[in-house]
Amino acid sequence: MANSFMNSTETLSQLVSDSLLGEKFPIAKLISKIETENNLEFRESLFNEIQAQKPNAKDGLTIGITGTPGAGKSSLLGELCRLFLDFAPDKKMAIVAIDPSSTISGGSILGDRTRVTLPRRDTRIYFRSQPSQLELGGLNPYTYHVIRFLRKIFDYVFVETVGIGQNEISISLISDLSFLVMQPLGGDQVQFMKSGIMEVPEAFIINKCDEESLANSSYYMLETTLEFIKDILPDQTLPPIFKTSVVKKKGIEELLQYILTYSKRKDKNTETITQLMQWIRSEYGRFGIGLWETMESKSWNQAVRLRSLSGMSKYNYETEERKFVSLIQKKLIQ
Amino acid sequence: MSAEKKDYLLVDENGQGKPDKPWIFRTYAGHTNAKASNELYRKNLSKGQTGLSIAFDLPTQCGYSSDHEVSRPEIGKVGVPINSLEDFRILFDQIPIEEMNTSMTINGTSMWLLSLYVALAEERGVPLEKLNGTTQNDLIKEYLARGTYIYPPKDSMKIIVDMYEYCLHNIPKWNPSNICSYHLQEAGATPVQELSFALATAIAVLDAIKERNCFTADEFEQCVGRISFFVNAGIRFVEEMCKMRAFTEMWEEITRERYGVKNAKYRVFRYGVQVNSLGLTEEQPENNAWRILIEALGVTLSRNARCRALQLPAWNEALSLPRPWDQQWSLRLQQVLAYETDLLEYPDIFEGSKVIESKVKALKEEAKLEIQKILDMGGALVAIENGYMKSQLVKSQTERLSKINSNELVIVGKNKWTDGIKSPLMTDSDGGIFKVDPKSAEQTLGVLAEAKTRRNAELAKKSLEDLKQAAKEGKNLMPYSIACAKALVTTGEWADALREVYGEYNPPTGVEGQKLFLSDDKVATVRGKVDAFTKAHGHRPKIVVGKPGLDGHSNGAEMIAVSAKHSGFDVIYSGIRLSPEEIVQSAVEENANVIGLSILSGSHKEIAKQLFDELAHYKANIPVVIGGIIPESDFEELKKMGIREIFTPKDYDLMSIMNKIIDIISTEPVLV
Chain H
0 MANSFMNSTE
10 TLSQLVSDSL
20 LGEKFPIAKL
30 ISKIETENNL
40 EFRESLFNEI
50 QAQKPNAKDG
60 LTIGITGTPG
70 AGKSSLLGEL
80 CRLFLDFAPD
90 KKMAIVAIDP
100 SSTISGGSIL
110 GDRTRVTLPR
120 RDTRIYFRSQ
130 PSQLELGGLN
140 PYTYHVIRFL
150 RKIFDYVFVE
160 TVGIGQNEIS
170 ISLISDLSFL
180 VMQPLGGDQV
190 QFMKSGIMEV
200 PEAFIINKCD
210 EESLANSSYY
220 MLETTLEFIK
230 DILPDQTLPP
240 IFKTSVVKKK
250 GIEELLQYIL
260 TYSKRKDKNT
270 ETITQLMQWI
280 RSEYGRFGIG
290 LWETMESKSW
300 NQAVRLRSLS
310 GMSKYNYETE
320 ERKFVSLIQK
330 KLIQ
Chain Z
0 MSAEKKDYLL
10 VDENGQGKPD
20 KPWIFRTYAG
30 HTNAKASNEL
40 YRKNLSKGQT
50 GLSIAFDLPT
60 QCGYSSDHEV
70 SRPEIGKVGV
80 PINSLEDFRI
90 LFDQIPIEEM
100 NTSMTINGTS
110 MWLLSLYVAL
120 AEERGVPLEK
130 LNGTTQNDLI
140 KEYLARGTYI
150 YPPKDSMKII
160 VDMYEYCLHN
170 IPKWNPSNIC
180 SYHLQEAGAT
190 PVQELSFALA
200 TAIAVLDAIK
210 ERNCFTADEF
220 EQCVGRISFF
230 VNAGIRFVEE
240 MCKMRAFTEM
250 WEEITRERYG
260 VKNAKYRVFR
270 YGVQVNSLGL
280 TEEQPENNAW
290 RILIEALGVT
300 LSRNARCRAL
310 QLPAWNEALS
320 LPRPWDQQWS
330 LRLQQVLAYE
340 TDLLEYPDIF
350 EGSKVIESKV
360 KALKEEAKLE
370 IQKILDMGGA
380 LVAIENGYMK
390 SQLVKSQTER
400 LSKINSNELV
410 IVGKNKWTDG
420 IKSPLMTDSD
430 GGIFKVDPKS
440 AEQTLGVLAE
450 AKTRRNAELA
460 KKSLEDLKQA
470 AKEGKNLMPY
480 SIACAKALVT
490 TGEWADALRE
500 VYGEYNPPTG
510 VEGQKLFLSD
520 DKVATVRGKV
530 DAFTKAHGHR
540 PKIVVGKPGL
550 DGHSNGAEMI
560 AVSAKHSGFD
570 VIYSGIRLSP
580 EEIVQSAVEE
590 NANVIGLSIL
600 SGSHKEIAKQ
610 LFDELAHYKA
620 NIPVVIGGII
630 PESDFEELKK
640 MGIREIFTPK
650 DYDLMSIMNK
660 IIDIISTEPV
670 LV
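So the protein sequences, as listed, match chains H and Z.
Going by numbering that gives the first Met the number 0, the first residue of the first sequence is number 0, and it counts up by one from there.
Going by numbering that gives the first Met the number 0, the first residue of the second sequence is number 0, and it counts up by one from there.
In case anyone wonders, no lab produced these hints; they're calculated from the structure.
Hints may contain errors.
Within a straight-line C-alpha distance of at most 25 Å, the following computed SDA-like cross-link-like pairs (lysine to any residue) qualify [what the hints assert, rightly or not]:
id, chain 1, residue 1, chain 2, residue 2
1, H, Lys-247, Z, Lys-467
2, Z, Lys-534, H, Pro-140
3, Z, Lys-521, H, Ser-104
4, Z, Lys-528, H, Ser-104
5, Z, Lys-153, Z, Lys-209
Non-contacting residues of chain Z with respect to chain H, defined by C-beta distances greater than 10 Å in every case (computed) [what the hints assert, rightly or not]:
id, residue
6, Arg-539
7, Asp-612
8, Asn-658
We put the beta carbon where it would ideally sit given N, CA and C, even for glycine.
For reference, chain H alone in the conformation it holds in the complex (with noise of 0.2 Å):
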């Protein structure tokens, strides 16, 4: 089954060493097989075969965009992505754009692209739609493991996501570096979000700040509120706020800027981990979680303690995964 994608011609050790190179379809088709159902044993061999050939390939940082509808958050990206080709002439970018599906028919309409205008051809930029598979917007399942294969060939794979309030939570997760987009607001509207978003981005973005005066307020208003909740923010500083308007091509130089400079990493560990909570969650509920603390907990937190104090080795995914389907399939004849 893992090896079903192939043709005769076209062996995984072929694709993946032709999208090393940021050849597209080569990497758009891996990325389908990553979305495949089922497809454990794919992406173990995949990123094996990854290591096999780069074992010092690249690990792109990850940038969350996400914002409620109409934050204009794609054109922002679309002129994020002309500076970058700019300003950044010998590094690579990826997009990941979600939208929402229709729940009656499954079906999507995939629309970011219209906001982006892309190069032909050009191997240093990759655009990639995914469907939600919520109405709602959010992650699609796959969405994490696609991001681990851009992560290997690009320096930067930004992730763009419909947030309504509870979305931000995940994609933070998966981001080194994730942005709030909004628009000019009311005052009320700030105090509104205060509720629960707030504390989750690194940093924020005043979108379609095309006149000045409305621009200047919605920023002090979201500097006093952010300043309320200083203190239980992680590192109890003010977060930066951005503002940018597309149409006067204002401020994008400088937030381009600001996540080329960007250098933190978050802990891949505890992401691997995280995520993996997160999938056992959504495939066996309670019942998942339950075994996984019961059973393995301990060692595994010790294990992510210390390893990721030492700083050597990382989790494998994949095995980590595998380790759970047997422990589980274990439990279950038992």
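We have chain H; now place chain Z onto it with these hints.
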């Protein structure tokens, strides 16, 4: 004893019967190159046509010269290519422009074409106040339906206001813009949407003019009087006639109440018409002749709401571009209606009809609510930018197609009484269709190259610099454009200069969140096949719907996008005016299972070739299907190139189309 006044007759001051003068007869025409179009116009004028209606080709409409790479497949296809003043000299050769009423269907580059016309007049010594005509210049409907916009809404509106200011002071008989509801109906608008969107557009134009404050109160009244409309007339001709009466009454109210226009003359709703093309069928195309006649009645029967100018499509428009004979046949219809019948002898024949009165009232009430909604949003420009109007049109169009698919809406020869004897009209040696000679583009390119070498290069460059500077400073651009015209600047250079200042606009596609209203057996069949595909491949089928080239009529592409989603596909649709290369790149990056192209401009062969070349570059063997106005005589060549399936207006049944597409991709080997 004086003659008794007869209520049923139109009389002059002496009581003598005095019928109305007929409306202006127009034929929308232009093709191949300036020389060929000039010959056509002169022939039409000698046949009794009383006005010119110029069709421009897509590069001219979108602001590209013929020597630009995107222009090549489109030169002279849907209208005449105009690159510089030199082409206008050829186009109007031996035509006295001072006696013409010239209508130009031009929008994004309307200021440029008017500047060329002015430059030509000055060169011939024709006083500008003698020029008479219209530049279409309604960008709102371009964003919504027709797609030949260039600049963002606010900048486009600025250009429109520049033209009003210039024309009122220099070419008083020119209509600087023509608010179009025509294209809205083609894009699926209901009568209420046609009324409300068009009037909201007119309000946006007048509000912008008022804001500039460049006219005295008297001048502003005259300016309101110059607003004219271009309306559609559909097959439901009683309702359409009521729509026209509603338009007339509402415009009277808006100009009086919102703009305080005192002179009744300036409150008159002046309009021209092209009757509906949307309802014309490829099946049994001879029936279209009757449709066109009935639609013409809707805008001529009621004297109080009668059009000023009428142009009729040809019976074979759903098949291809009309031939000269087809256009002549449509012109004859107007002549019979105006000169043989007694229509023009009577006052308004519907006055006092309860049915008509209450129908008009109902339309007005609904339209007023909708206008208020748009004004509350911030006006027509905002309703463009936030996608509201576009999404409403896509919705209406989807509902209309759903009704045709379910036979709730009867279309003779299409979904009812489909068996018939083959039309003898189609058996001519040319197959009943017109084709542009591909070699004719050479003449256009020759004139362009010649003009470029002959002109004073310094002067051309300086005129362009001046134009850019004026745009940056927000000055009225008309004088600078006219200077460019005289300096033999080209269409592409003029448009690029302003692109540099304003940027290019990319409007919402309107398809997101749309739903289809179909749930019959056909849908179940297609969804079943989609599910089977999903099981076999581990993911849903993915289609890239592409609208390549400069043709902006996006209805077909939008309907396919919405239907594919309804069937369970993941759909990538990125709007209009994409190069075949961009469409292929999307399909490759997304690893799509199929590419669906929509092309109405007649350049399907050229575009298909570019597309397959690019697919070959990526070694991507993705199946391609194509839909649009494609003559059967081209099928074989397209299939040879690799096109898997061809859909024409005959294939109106959306689920049958989806069924064919899912069948094609289901037979592909399961790779990824």
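Here is what the structure says about each hint:
{"no.": "1", "hint": "Lys-247(H) / Lys-467(Z)", "in the structure": "18 Å, holds"}
{"no.": "2", "hint": "Lys-534(Z) / Pro-140(H)", "in the structure": "17 Å, holds"}
{"no.": "3", "hint": "Lys-521(Z) / Ser-104(H)", "in the structure": "14 Å, holds"}
{"no.": "4", "hint": "Lys-528(Z) / Ser-104(H)", "in the structure": "12 Å, holds"}
{"no.": "5", "hint": "Lys-153(Z) / Lys-209(Z)", "in the structure": "15 Å, holds"}
{"no.": "6", "hint": "Arg-539", "in the structure": "7 Å, violated"}
{"no.": "7", "hint": "Asp-612", "in the structure": "12 Å, holds"}
{"no.": "8", "hint": "Asn-658", "in the structure": "14 Å, holds"}
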